[in-house]
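Undergrad: In the order they appear, the protein sequences are chains A and B. Going by our numbering, 54 is the number at position 54 of the first sequence; the sequence numbering is gapless. Going by our numbering, 62 is the number at position 62 of the second sequence; the sequence numbering is gapless.
Calculated directly from the structure, the hints in this document are not laboratory data. Just so you know, not all the hints are guaranteed correct.
[What the hints assert, rightly or not] No more than 35 Å apart at the CA atoms, straight line, and that leaves these computed lysine-lysine pairs for DSBU-like:
#1 A/K57 x B/K56
#2 B/K42 x B/K68
#3 B/K42 x B/K56
#4 B/K56 x B/K68
#5 B/K71 x A/K57
#6 A/K57 x A/K1
#7 B/K42 x A/K13
#8 B/K42 x A/K57
#9 A/K13 x A/K1
#10 A/K57 x B/K68
#11 A/K13 x B/K71
#12 B/K56 x B/K71
#13 B/K42 x B/K71
#14 B/K56 x A/K1
#15 A/K13 x A/K57
Fair warning: this is a prediction, and the values are worked out from it, not measured in the lab.
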Amino acid sequence: KAGVTQTPRYLIKTRGQQVTLSCSPISGHRSVSWYQQTPGQGLQFLFEYFSETQRNKGNFPGRFSGRQFSNSRSEMNVSTLELGDSALYLCASSLGAGGMETQYFGPGTRLLVL
Amino acid sequence: GESVGLHLPTLSVQEGDNSIINCAYSNSASDYFIWYKQESGKGPQFIIDIRSNMDKRQGQRVTVLLNKTVKHLSLQIAATQPGDSAVYFCAENTGGATNKLIFGTGTLLAVQP
Chain A
1 KAGVTQTPRY LIKTRGQQVT LSCSPISGHR SVSWYQQTPG QGLQFLFEYF SETQRNKGNF
61 PGRFSGRQFS NSRSEMNVST LELGDSALYL CASSLGAGGM ETQYFGPGTR LLVL
Chain B
1 GESVGLHLPT LSVQEGDNSI INCAYSNSAS DYFIWYKQES GKGPQFIIDI RSNMDKRQGQ
61 RVTVLLNKTV KHLSLQIAAT QPGDSAVYFC AENTGGATNK LIFGTGTLLA VQP
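Using the sequences provided together with the hints, build the complete structure.
TA: What follows is the structure in structure tokens.
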């Protein structure tokens, strides 16, 4: 079974631009969560989706948004990029959203904002 | 300005030795814990998990111990191999119907051949 895939793998943008990242979960998985990883803050939760509904959101500004499609694929969008948004963005999928679900991560999208 | 990165604790072990990586978690209501391994340039890889109604769980070459009294989690790796070199993260789920995980800062395991 294929793992979690994320596209693109690498991205360079300039301040003020916006970016969309994509995540395809493991086949059959209906829950997708997004995390931001930086050297300064570590791994931080962004948001969680299940059956096209956002169930939980981390402490990030409104510039960060996401959505999930009926096939469980998910996208996240960051508008008006800032230098501090440079990070590895990770997507994780799990079968359900019951809380004690094993989450499997993709390879991440590395975003560099210049 | 210059950003200050997280200082990763480092555990250096000899190949063949046993490794113990420790983690203090934050929320006494957390009911599910996971250990992940992250190699350079890759996403976190699931190693083992444990629920709060257990205090020990074993996998292949790995054991996780949970001490809820002191909010402490440990990962034991038997017969450590060079391929085990990576950053190890503990993560906790604070309960309820959410998959939100709170991650620790991570420990760098360096295996010397």
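Undergrad: Mind listing which of the numbered hints don't hold for this structure, in increasing order?
TA: Violated: hint 11 alone.
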